[in-house]
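Undergrad: Model the placement of chain X on the given structure of chain S, informed by the hints.
There are 2 protein chains.
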Amino acid sequence: MKRKIYLKRMDLYDGLKEYLEKLGKSGFFEDEIERIHTIEALGRITGLPVYANRNVPHYTSAAMDGIALKSSSSFGASESSPKILEEGKDFIFVNTGDPIPKDYDSVLMIEKVRIIDDDRVMIFEPVFPTNDLRPIGEDVTAGEMIVTRYHKIEHYDIPLFLAAGVFELDVLKKIRAVVIPTGDEIVDPREARLSGRIPETNSSMVRAFLKEMNVESDVTKVVPDIPEEIERSINSATKKYDIIFTIAGSSAGSKDFTYRVLEKNGEIVVHGMNIKPGKPVILAIVNGKPVIGLPGFPVSLDVVLQKVVKPVILRKYKTYEKITEKKIAISSIRMRSSISEEEYIRGVLANVENRTVFSPLKRGAANLISLTRHDSVLTVEKGKVVVDEGEEIEVEYSGGDLEKKILVVGSHDLLIDVLADLLKLQDHEIVLSSSSVGSMGGIIAISKGFAHMAGTHLFDPDRGEYNISYIEKFMKDYVLVNMSYRIQGLMVRKGNPKKIKGLSDLTRDDINFVNRQKASGTRVLLDYLLDKENIDKSKINGYDVEEISHMNVAVKVKEGLADVGMGIESAARVMDLDFIPIVKERYDLLINKNFAKTPMFEKILEVLKSEEFKREAKKIGGYDLSDSGKVIRG
Amino acid sequence: MKRKIYLKRMDLYDGLKEYLEKLGKSGFFEDEIERIHTIEALGRITGLPVYANRNVPHYTSAAMDGIALKSSSSFGASESSPKILEEGKDFIFVNTGDPIPKDYDSVLMIEKVRIIDDDRVMIFEPVFPTNDLRPIGEDVTAGEMIVTRYHKIEHYDIPLFLAAGVFELDVLKKIRAVVIPTGDEIVDPREARLSGRIPETNSSMVRAFLKEMNVESDVTKVVPDIPEEIERSINSATKKYDIIFTIAGSSAGSKDFTYRVLEKNGEIVVHGMNIKPGKPVILAIVNGKPVIGLPGFPVSLDVVLQKVVKPVILRKYKTYEKITEKKIAISSIRMRSSISEEEYIRGVLANVENRTVFSPLKRGAANLISLTRHDSVLTVEKGKVVVDEGEEIEVEYSGGDLEKKILVVGSHDLLIDVLADLLKLQDHEIVLSSSSVGSMGGIIAISKGFAHMAGTHLFDPDRGEYNISYIEKFMKDYVLVNMSYRIQGLMVRKGNPKKIKGLSDLTRDDINFVNRQKASGTRVLLDYLLDKENIDKSKINGYDVEEISHMNVAVKVKEGLADVGMGIESAARVMDLDFIPIVKERYDLLINKNFAKTPMFEKILEVLKSEEFKREAKKIGGYDLSDSGKVIRG
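Chain order of the listed sequences is S and X. Here the first sequence is numbered in the working numbering, starting from 49 and rising by one per residue. Here the second sequence is numbered in the working numbering, starting from 49 and rising by one per residue.
For reference, chain S alone in the conformation it holds in the complex:
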């Protein structure tokens, strides 16, 4: 009979930290990937970024029940002088989701239409192009990253993947665990009627716990207190399983052989933790695999499962425990809500400037991607019609560690998605959310303290430089970092069927152009170039039709809904379009000054300068990364 001696006794935090570090060095956390059917992927974690194979939606559709019409045929309509439209000529009836033929460019909801007879309707207001249309690729365009690696697949992600033509997914393999009960006195619970026979019930707790954690497990026969037998079963288990649990034998009684076996065959990192109950835990590494000696008392066992085993599994799965909690935040924009309905608005939270900011995502009921992107929900009660910018609101948040959420706004670029994905390799808990509001919108958001970073590529012809003059209209204290140089130009269909050579072709009668929204970098550049070449914007067909991203412009060209659009080479390449280069531009990231002091920002710089980032950019093409990660100001 010896006294219990815990060698390598540690506090929970320190012990776990050391164990995770050593497991990392042993290679335990390296990703193992398997391909499974998307339909069976609930709860699994992506092992690689997932790209769309198709546009979602894959055709332009009606967002409302009503009529599809040519917007031009509605111009001039009013209550006092309504317009009469003819079916088949001016309009067709559409249900929500119906495709919109190319002849029509907008939808008017049925509530605003008066039906005259079988062939004619009357309308009382003008309709703008793209009104109540759901454009191709509104959720995601073919070639775009839908989610980064290490994304846990929720029930609402599955339909998005399927709609994007992603029928199989590369996910992290399920962890396979084994539970080895030890001890002469341990017997099957059905046979544990005699005094001194301890029913082997602990493995049932461990296995149920593992099942909840999405870990597959087996249990071995009870191994008697014979060191050779314990040794044999642990060694053989390390060959077949990812993680090995022994039960009992981890207190320090006279028959606790597990400790000595582990010491002989591998490394014991922790023996005994300063937690109660749960003290007699052993954290070891044998043949590169974690071997955890669990305590035999059930309450100790549960504490160790919750406090020690769970973090190991979460790290291996590169995920975090999803907990829904209420948070007080401020709204980053003014929002209107229906007076007669309770409304649920999905958004993303970020801690900026010591405040928690809620940025709503696109609110359409059809916006599948808003489900995948959201980490929080704002409930606007019935009767409340406005949420003001800066208004304090309560939201339900379920996005993990809020300090590891990065919000990027402004002009979007495919490399932002690459950055988001590669940050996961630095720290799997980092979530970088991005939303496309144009360069100018991004600068304003940063100036208000509503986001951490903003992509911007605004050319100032007066000063012959990018971004700085625009930024300094709003703030003096900021950090500016280069992400890349990019080639701006014209995107046309493969083979350039309309023989477009340059901007001067845009005014041709046979050319349909698609534009970007005002205050986007590309629009500012286009307008500057058109002015410089004295091209009359009013003569460009489609100059008023605006899309909010390079990819959405590219999709319109690809699908033949427009002949040409201005945008960056990488978007053209991803969409397999031809490209007419015009100018090289600088794309920078404007950084909130306090965020620039955080370790998160250090990680971002690290990624921007990394070989991996350059490699991914090269794969896409159209980028010059010679200054990537260079701090321009601040």
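Quick caveat, the hints were computed from the structure, so don't treat them as lab data. Don't take every hint at face value.
Note that the list lumps identical chains together, so a pair holds whenever it fits in one copy or between two copies.
Stated by the list, open to error - Simulated crosslink set (DSS-like; lysine-lysine; CA at most 27 Å straight-line): (1) 160 x 56; (2) 56 x 430; (3) 374 x 65; (4) 430 x 70; (5) 452 x 374; (6) 430 x 65; (7) 287 x 65; (8) 632 x 118; (9) 580 x 259; (10) 645 x 375; (11) 355 x 370; (12) 430 x 355; (13) 666 x 580; (14) 432 x 56; (15) 657 x 632; (16) 131 x 312; (17) 432 x 65; (18) 288 x 73; (19) 355 x 432; (20) 645 x 662; (21) 410 x 358; (22) 200 x 374; (23) 221 x 259; (24) 410 x 355; (25) 200 x 222; (26) 547 x 524.
This one's a predicted model, so the numbers in the text were calculated from it and none came from an experiment.
TA: Frame of chain S; chain X shown alone:
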């Protein structure tokens, strides 16, 4: 083309309430039970109360590594005059969990033992009977209710059931659902390349959501927009499935036939809810089964799944969503904690007198039942050695609606468990937790506002009445309700081998008695009776050996660890012992005065007066329920 018209449009709360009520009347919420292996029961809900088939633990064991000894042989030991004990005669070495032979009655931990040679040890302090023993039935005794019906089975419940010899469980059947996608334009996502073909992806979201809710589901082929076909598939689905979901066809476009089919074949309770997104939902009942028309837009769909479908499923499963949240509470007792360890203390929360009270459960690492019973965990940081009574603490709570938690303390009775179970039939969210602290302990807890109710059966010989004189020493404002009359007497082994006839036999040399703890009703009664009969307590072998419940006394007699104990007839019956009746006593429930004003208390009175309660009491035996539920004071 018609305008959308939502008939029976309602707010979320009202609509759901009416739907749940009508589903209740249709019989949808009636329990369907199946028997499954305990080992596979994770996440399932008990359909009936679960009773122990065995004592847990099933033998008296060492709670520490050390020596098992006769406590009497240690009396007089001290630092200055240690005692020397001989192995095999005075003591044996034991490991934690080892059985304690009948000759020994206590354990001394190895750290307090000095080993002299192979046969002898030295000890420096006296040891009291039952010291560091884990008594038979400490967790639960054979015949006791382990959990009520509608208990969701967690990973730590499974080992308790197995240890209690419960290898199969009666659980609520899994709900079987079917998803019926409708619409001419809906096609398999692999084939949805053409404009106007909508990929059928919604069913994948619904099925993944249902899987997370523990609901099994099938999906049918897409049903075209032909009323007869929709009608046929819904009607046939109501025969095979518990709940039917249709998708699309629930907006109100020109081809929405589902509404008319449901109206014709059943009752539409809600059509259109004032929620956004999610408005176009239909809640109907066809052939007694819920048929829910889900909106076709994915974000609307998710809102309806979360806000409408989830509550219907939770109600059918008689459970609630388990959310872990931090709560500020006060501690109901003073607790010591280890200076060198972080300690996790399990307990139950209750809202009493506008405060949230944390009542710790028994803290032993071996106490499996403390896992099953707990709804909250207090973490006491390393270095903090005392949590004071009334001290404000933060705990992690995961027990559902705190307003529906009832805490009963004081003297325990098997009927308290019956009450807890039958309350579930009134409202499945009610959780009645009980802990056994004796009658006096219960009165004090109520006087401090630390519990809602306390069982008490304290006889006052001076006034010839029960409870009131004891209670009024502590409070004037209270409510007292009778639960039952019970027969107190002596419990002896079957056949009464020692021929015990009455209290006067207790002083016999060949009789080993087991007592109850001081200030328990039974102890007060015993001492009164012994004094009345002039029996010398010091002559009763085992008078100092205390157990804290009738059932634990019964177990000691049953197992031959004692020959006789005082207790109630029902405990003797459940344990299959012979019983020598002595006196009929009154067992009342003392109620916190504010709790007595709540609807929860009304439900308790209802149960106490119910035929079902009487029936269950009769099954156990030994009760007189003629005044059950009668308000004695207040």
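Undergrad: Give a verdict on every hint.
TA: Quick rundown of the hints versus the structure:
1. 160 x 56: between (76 Å within a copy, 23 Å between copies)
2. 56 x 430: between (59 Å within a copy, 18 Å between copies)
3. 374 x 65: Between copies only: 25 Å across, 29 Å inside.
4. 430 x 70: Between copies only: 25 Å across, 54 Å inside.
5. 452 x 374: both (18 Å within a copy, 21 Å between copies)
6. 430 x 65: between (48 Å within a copy, 18 Å between copies)
7. 287 x 65: within (25 Å within a copy, 56 Å between copies)
8. 632 x 118: Result: close neither inside a copy nor across copies, 37 Å intra and 92 Å inter.
9. 580 x 259: Neither, since 66 Å and 60 Å both go past 27 Å.
10. 645 x 375: within (25 Å within a copy, 34 Å between copies)
11. 355 x 370: Classified as both: same-chain Cα gap 16 Å, cross-chain 19 Å, threshold 27 Å.
12. 430 x 355: between (42 Å within a copy, 15 Å between copies)
13. 666 x 580: Classified as neither: same-chain Cα gap 32 Å, cross-chain 98 Å, threshold 27 Å.
14. 432 x 56: For residue 432 and residue 56, only the inter-copy Cα distance (23 Å) is at most 27 Å; the intra-copy one is 59 Å.
15. 657 x 632: within (20 Å within a copy, 85 Å between copies)
16. 131 x 312: neither (90 Å within a copy, 40 Å between copies)
17. 432 x 65: between (48 Å within a copy, 23 Å between copies)
18. 288 x 73: within (20 Å within a copy, 54 Å between copies)
19. 355 x 432: between (43 Å within a copy, 19 Å between copies)
20. 645 x 662: within (25 Å within a copy, 70 Å between copies)
21. 410 x 358: between (35 Å within a copy, 25 Å between copies)
22. 200 x 374: Cα proximity of residue 200 and residue 374: in one copy and across copies (21 Å, 25 Å).
23. 221 x 259: both (14 Å within a copy, 20 Å between copies)
24. 410 x 355: between (38 Å within a copy, 20 Å between copies)
25. 200 x 222: both (13 Å within a copy, 26 Å between copies)
26. 547 x 524: Neither way: residue 547 and residue 524 sit 46 Å apart in one copy and 98 Å across, limit 27 Å.
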